[in-house]
Amino acid sequence: MPRTHVTAIVINQEWCKRCGICSTFCPRHVFTTDSDGTVRVAELGACIACEICERMCPDLAIRLEYGESEE
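Quick note, the sequence shown lines up with residues 1 to 71 if you use the numbering used here.
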């Protein structure tokens, strides 16, 4: 039976104000922050699709994309 999983986490860098909320609240430490505060996806495979990053982002700069897997 196909299951839905996260295939990508899209961060709109133009909207992101680099507050760090996404990386602070992520329970699986999926994100990393560069020296200038730019947030990047470091461990996509660790994402559990809790959507906390999407919900907590005050700028709506994060979007999870989903696909199906045959697990």
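None of these hints come from the bench; they were simulated from the model. The C-beta atom is built at its ideal place from N, Cα and C for all residues, glycine as well. There's no promise every hint is true.
[Claimed, not checked] Derived Cβ-Cβ restraints for the label pairs, each shown as a range: (1) L60 - R28: 18 to 24 Å; (2) R18 - E68: 28 to 34 Å; (3) G20 - E68: 27 to 33 Å; (4) T33 - A8: 14 to 20 Å; (5) T38 - E68: 29 to 35 Å; (6) C50 - Q13: 29 to 35 Å; (7) E68 - D36: 33 to 39 Å; (8) T24 - A49: 16 to 22 Å.
Violated constraints from the hint list, given by number and in increasing order: Per hint list: single violation, 6.
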